[in-house]
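Using the sequences and the hints, build the whole thing.
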Amino acid sequence: MNRIAQSLFLGAAVVTATFGAAQAHRAWLMPSTFVLSGDEQWVTVDGAISNDLFFPNHVAMSLDDIKVMAPNGSIADTENSATVKFRSVFDVKLDQQGTYKIVNGGGGYFASWTENGERRRQRGSLEELVAAGVDKKEGAQLMRSSRRVETFVTLGAPTETVFKPSGDGLEMVPVTHPNDVYAGESVAFKFLASGTPAVGLDVTIVKGQDRYRDTVDEVIVKTDAEGVVHFTLDEPGRYWLSADQGGEITVEGRKMSHRMSYVAIFEALPL
Amino acid sequence: MRLVLSIAGLSLMAGQVTAADMAVHLQIPEMSVAEYHRPYVAFWVARPDHSVAVNLGVWYQQEANREGAGTDWLKDIRQWWRRIGRTLDLPIDGVSGATRPPGEYALEFSGTSGPLTDLAEGEYTLHVEATREVGGRELVRIPFTWAPGKSFEKTVSGTSELGTITLKLIP
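For the protein sequence lines, the chains are A and B, in the order given.
Going by this note's numbering, 243 is the number at position 243 of the first sequence; the sequence numbering is gapless.
Positions in the second sequence are counted from 1; adding 1000 to them yields this note's numbering.
Simulated from the structure, these hints should not be mistaken for lab results.
Heads up, a few of these hints could be off.
Claimed, not checked - Here are the simulated SDA-like pairs of lysine to any residue, each with C-alpha atoms no more than 20 Å apart in a straight line: (1) B:Lys-1154 <-> B:Glu-1104; (2) A:Lys-93 <-> B:Trp-1073; (3) A:Lys-93 <-> A:His-25; (4) B:Lys-1168 <-> B:Gly-1149; (5) A:Lys-67 <-> A:Ser-145; (6) A:Lys-93 <-> B:Gly-1149; (7) B:Lys-1154 <-> B:Arg-1141; (8) A:Lys-93 <-> B:Gly-1068; (9) A:Lys-93 <-> B:Arg-1066; (10) A:Lys-93 <-> B:Ala-1069; (11) A:Lys-255 <-> A:Gly-124; (12) A:Lys-190 <-> A:Val-103; (13) A:Lys-67 <-> A:Asp-91; (14) A:Lys-207 <-> A:Asn-51; (15) A:Lys-93 <-> B:Asp-1072; (16) A:Lys-93 <-> B:Glu-1067; (17) A:Lys-255 <-> A:Ala-140; (18) A:Lys-93 <-> B:Ala-1064.
As the list claims (entries may be wrong) - Some chain A residues flagged as far from chain B (calculated, every beta-carbon gap over 12 Å): (19) Glu-40; (20) Val-59; (21) Asp-77; (22) Phe-86; (23) Asp-91; (24) Gln-97; (25) Trp-113; (26) Leu-155; (27) Ser-166; (28) Ala-188; (29) Thr-215; (30) Lys-222; (31) Glu-235; (32) Gly-253; (33) Lys-255; (34) Pro-270.
Claimed, not checked - Only some residues are given here: those of chain B computed to face chain A with a beta carbon under 10 Å: (35) Val-1052; (36) Asn-1055; (37) Thr-1087.
Backbone N, C-alpha and C define an ideal beta-carbon position, used for all residues, glycine too.
This is how it looks when you write it as C-alpha cells:
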C-alpha cells in the first residue's frame, strides 16, 4: 500500500469509527415538558448519551456547550446544573411567551498526519493545530466537525425566532413547528447544511421506549430538492431525530472535510 | 336557569329563546377514584379545517392555589389549547368559568347576541374536551350544519371523562 492510499484508508477508518460510535450511542436532551401554559413556568432538562431512548444508561452529556435561546432571541440562564453518573440535569425558567431552543452545539477541528510510519491525531481549535504545525506534517489532513443536539419547549403559542439559522453545520428550520407535532398529521422539517438546503439528506427518526421493543423500528426519510423531509408519525410519543452529513469546507484558505451532525428531540401528541 | 346564565354569560332569560339559538347539554360523570379533581372542560365550534369559529367556553381553576395558577394546566385541554387556547389572553368574560363538579349542565347560546351572532352559514363541528388532573382526557365531536331556520338535535355519549352531550339548534 503506498502512502497516499494508506493515509486515505486510515482517514476513512477514523471517520467511520467516530460516526459508528455516534450511531451506537444516542445523544439527547429531554425537557420535563414540551408545551406549557401560564405566565411563568420551569422545565427541568436531562442530557445524556445512551443506548436506549430515553434512559440514561451510558454517560452524562457534558454541559459545557449548553445554550438556551429565549423567544426574544436572548440567551436564557440555566440553573441547578449538575452532572451525575449517567445524566446531566439543569433547570430553565420560562418567563417569556413563545418557543425556547435548548442546544448542545459545538464544533472543533481534528488533524491527522503520519509520523514515524504511524498515524497520529490531534484535536483543538484551528489556531492551535496550525500553531502546532500539524497541518504541515506528512500526509496531513484537517477535518472540521459541527454537531448540534437540540430540543424545544413552548410557553403559550409557538414562535420561530429561535430557528434563525447560524449557517454552521446541519440545522433544522421548521415547516411544521416541532412543538406542534401530532400523531397522524403530516410533519415537515427543513434542513440546512452550512446555511443552504441539505438535499438528499437521510434523516432517521426513532421513537423512544425502544427498550420495550425487539426492533428499533427507525424511519429513514430523505430530504427533497428544498431540503425538506415529510413524514407522519402513527403514534404519539417522544422521538429522536438524527442526521449526519459529510462535506468539504474551506476555513481561512484551508480546504478540509466537514462532518456535520444534527439531533432533535420532540414529542408527538395524540389528536 | 340562573346557572345557565352565569355559565354562558348571556342576558338571555328563560322562555325568550329566539331564532338560531344553540343549546348544549353536557354531563360530567361521577368518578370512583382515589384522587378526584374536577375536570377542565372546553367547548368550541370549529370549521372543517379545524380553525375555531366560536370559542364557547372554558372551565378551569380560577384562583391560584398551593400548586400554582389554574392557567398552568390549560395546555392539558390539548386540542383546545392547540386550536385557540394558546393564543388567548385569559380570562375572557363570558368564556372563562370555574370548574364544575359532576352533574348535568345546560348551556345556552343566543343566535342574536353573543358569540354566535356572526357565525356564517356552513358546516361546523361542536367540540367538547375534558381533561382531569391525574385522570383522563376525552374529546367529543358533534358535526352540524348552521343555517337559518334549520333545527337539529344530536346526542353523543362520551366513554370516560364525559357523559352524554346533546347539541340542539333551535330556530
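Status of the hints after comparison with the structure:
no.: 1; hint: B:Lys-1154 <-> B:Glu-1104; result: holds, 16 Å
no.: 2; hint: A:Lys-93 <-> B:Trp-1073; result: holds, 17 Å
no.: 3; hint: A:Lys-93 <-> A:His-25; result: violated, 29 Å
no.: 4; hint: B:Lys-1168 <-> B:Gly-1149; result: holds, 13 Å
no.: 5; hint: A:Lys-67 <-> A:Ser-145; result: holds, 18 Å
no.: 6; hint: A:Lys-93 <-> B:Gly-1149; result: violated, 53 Å
no.: 7; hint: B:Lys-1154 <-> B:Arg-1141; result: holds, 11 Å
no.: 8; hint: A:Lys-93 <-> B:Gly-1068; result: holds, 15 Å
no.: 9; hint: A:Lys-93 <-> B:Arg-1066; result: holds, 19 Å
no.: 10; hint: A:Lys-93 <-> B:Ala-1069; result: holds, 16 Å
no.: 11; hint: A:Lys-255 <-> A:Gly-124; result: holds, 17 Å
no.: 12; hint: A:Lys-190 <-> A:Val-103; result: holds, 18 Å
no.: 13; hint: A:Lys-67 <-> A:Asp-91; result: holds, 12 Å
no.: 14; hint: A:Lys-207 <-> A:Asn-51; result: holds, 13 Å
no.: 15; hint: A:Lys-93 <-> B:Asp-1072; result: holds, 14 Å
no.: 16; hint: A:Lys-93 <-> B:Glu-1067; result: holds, 17 Å
no.: 17; hint: A:Lys-255 <-> A:Ala-140; result: holds, 12 Å
no.: 18; hint: A:Lys-93 <-> B:Ala-1064; result: holds, 19 Å
no.: 19; hint: Glu-40; result: violated, 9 Å
no.: 20; hint: Val-59; result: holds, 33 Å
no.: 21; hint: Asp-77; result: holds, 21 Å
no.: 22; hint: Phe-86; result: holds, 29 Å
no.: 23; hint: Asp-91; result: holds, 16 Å
no.: 24; hint: Gln-97; result: violated, 9 Å
no.: 25; hint: Trp-113; result: holds, 55 Å
no.: 26; hint: Leu-155; result: violated, 9 Å
no.: 27; hint: Ser-166; result: holds, 28 Å
no.: 28; hint: Ala-188; result: holds, 17 Å
no.: 29; hint: Thr-215; result: holds, 29 Å
no.: 30; hint: Lys-222; result: holds, 29 Å
no.: 31; hint: Glu-235; result: holds, 16 Å
no.: 32; hint: Gly-253; result: holds, 49 Å
no.: 33; hint: Lys-255; result: holds, 48 Å
no.: 34; hint: Pro-270; result: violated, 8 Å
no.: 35; hint: Val-1052; result: violated, 13 Å
no.: 36; hint: Asn-1055; result: violated, 15 Å
no.: 37; hint: Thr-1087; result: holds, 5 Å
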